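Each protein sequence line maps, in turn, to chains A and B.
First residue of the first sequence: 890, per the numbering used here; consecutive thereafter.
First residue of the second sequence: 134, per the numbering used here; consecutive thereafter.
Some clues are possibly wrong.
[To be verified] Which residues of chain A face chain B? A few of them, derived with a C-beta cut under 7 Å, are: (1) 970; (2) 1003; (3) 1007; (4) 1008; (5) 1019; (6) 1138; (7) 1181; (8) 1185; (9) 1188.
No lab work stands behind these hints: they were computed from the structure.
Nothing here was measured: the structure is a model prediction, and the numbers come from that model.
No residue lacks a Cβ here, since even glycine has one placed at the ideal position from N, Cα and C.
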Amino acid sequence: MLFKIGSLLMTPAARYGLLALAILFPFLASNEYQVYVMASAFVWAIAVYGLNIITGFCGQLNLAHGGFFAIGAYTLGLLTADHGWSFWPAFLAALLMTAALGFLVGVVSLRLKEHYFAIFTLCVGFIIYLLIDKWEELTHGPIGVRDIAAPYGFGLVDFTETTPFYYLVLAFLVLAIWFMGRLSRSLLGRTFIAIRNGDELAESLGINLMRNKVLAFVLSTTYAGLAGALYAGMVRFIGPEEANITHTFDMITYLLVGGIGTITGPLLGTVGIVWITQSLQFLEEYRMIIFGPLLVVLVIFFPRGITGQFLSWMHHKAQAMQPRHKARASKVTAPQEARNNA
Amino acid sequence: MNLFFQQIINGLTLGSIYGLVALGLTLVYGILHIPNFAHGALYMVGAFMSYFFMVDLGVHYWLAMAGSAAVVAILGVLCERLVFHPLRHSPPIHDKIAAIGILLFLEALVQMFWGSDFRRMSSPFTGIMNFDGLIIPEQRLLIIAGAFTLVFALQMFLRKTMTGATIIAMAQSREGAFLVGIDANRVAMMTFAISGALAAIAATLYAPINLVYPAMGHLVIMKAFVIIILGGMGSIPGAIAGGMIIGFAEAFGGFYISTAYKDIIAFGLLVLILSVRPQGLFAKGAH
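Build out the structure end to end from the sequences listed, making use of the hints.
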C-alpha cells in the first residue's frame, strides 16, 4: 500500500499536483503573511538548488555560497538604490556579476581538493562579508542599502504586492528546478556525479576536471545570485548580515534535511524547515540547538535526507517485489534514479 | 622605535594565541584527517567556562583555567566518540557537515545560557610593566610565556613519553600504527582532549584583553585554518610558525596599513598563497 503511494509520488502527475498546489497557495493561505513566508522559502530554495549543484552533484563543499547570495543582493540593491537603474537590468547585472565572480573564485579555489577547498571557500565567504561590512564608500557598510527597487511589472502587475511577487518567485523556482532536472539527466549532470565519486576515477574516464568543476561552480553561484537578487527585490532593505556565514550553514541544513544530490530534496528541506521555524517563533534564536544535532544525526544515520531515504526505500521495495510483478516492476524507474543520485 | 617594539609584543601575543588554537586543530587533522570546524566553538566554550568559574563560582583565575580546560577536553572527547567516530568510514564531506552541526549547536547552547552580550573577563594580572619606556601589560606577557611553556610541554609529551609517541606514530602512518598494536580509539580520544584543552587555555589567556561572546570563535578558527594551511596540515612546528606569521602580519598590518582591514590580511594571504601553491606552503610538513 505504502509502496503504491510511493510510486504514485514518483509519477509526473505528482509533480504537476505539487505545482498546482503552489499556484493555489495564495488562495489557500489564511493571510498575506503566510504567502510572504512561502515566497521567502522559495527564494532560499533557489539558492539551495545552487548549492546542490556544486555540493550535491559535484561533491565540493562550498562554504562561500551565502557570500554569493549577498553579492547578488548587493549588486541589485546598489544599482537600483544608488545608481538609478531599474529592476530588470539590475537583475540581469546581478546574475552576470555573480557568474563572473563565481568564475574568478572557482578558477582559483577549484584547484584545491576537499578540505582545502572547503576551508578556502570559508575564507572567501568571510572576505565577502568583511568587504561588504567595511567598504563603506561602495556598500554603506553596516547601515545597509535602503530603497531598493521592486521588480517593474511593465504596467501589468504590481510586484510590490505580496501575491504577484509570490508568483514571480514561483516562476523562477520552477525554472530553476526544471533546469536542475534537465541537468541531472544530461551528460553534464552525470559528469558532475562522476567527479563526486572520485577525481581520479572521473579523470580516467577522460573528464576535464577543472572545466567541469568550474562550470558547476559558476552555475551554483548564478543560482545564488538569482536568489539574492530576488531577495533584495522582496525585502528591499539589505545589510552586511546577508553575507553572514550562518546563511550558508542554514542552506546546508536545508539541503541535507531534504536530500543532498536529489531533485526534490532542496525544495522539501527548505520549505519544511522554514515553516517549522516559522511555527515555532520562540525558537528563532535557538533553532540551532535542534538543527545542529539534527545535522549530525542526519549525516550519521540518514546521509541522503528525506528524498534520498525515500528513493532507496522505494528501490528496496521494488527489488523485493520484482519476482512477483516482473512486468510492473520494470515500469518503476526508482532503482536507476536512486542509484544515480546516491 | 618604541611603537615598533610595541607592535612586536602585539604580534607575539596574537601569534601565541593563534598558535595554540592552530596546534589543537593541526593535531586533530594529523590523526583523523578531519578539518574540525567545531574547534572555534570549543575555544568559545572554553572562554565561557572560565568566565562561569570565575564570576559565578568565584574561583581563582588559574583554577578556572584548569577547570575550563578539563571541561572542554571532555567535550572534545565526546565529540570524537559521538560524532566523528561513527563517521570514520563516511565520505569526507560528512565529517565537515557534522563538525558544522556541532559548531551551530554549541553556539546556540551558550547563547541560550548567557545571551549574546559582550562580556568582560577580569584577570589578576592587570599590572603594566615598564622596561625603560617600553610598556608591556602583564597579561600579554603571561600569554606569551604561557604559550611558550605549553608548546614546550606538548613537545616533551609527544617526544619523550610512550603515549605521546603513539600520537606521533598514528599521525605518520595509520597502518603502521595499527601494525605495532596502537589503539586507534585511545589515540583519537586523547588527541581531541589535548586539542580541546589547548583551545580552552588559549581562550582563557586571551579573554582578559578581549571580550567574551558567543561568536568569538569565528574569526579565530578561520585564522587557525589559514595558519595550518600555511604551515602544512598536520604539522606541529608549522602551526606554531604559521601562528607567528599571521600574528605579526596582523599586528604590523593593523598598525601601519589599516585597522579596519586587519582581519582581511590573514585571508588575503591565504588566497594569495593557495593561488600560487594549491597544496600549501609546506605541503610535506614534518611531524
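Inset, instruction - Any hints from earlier that this structure breaks? Give me their numbers in increasing order, please. - result: 1
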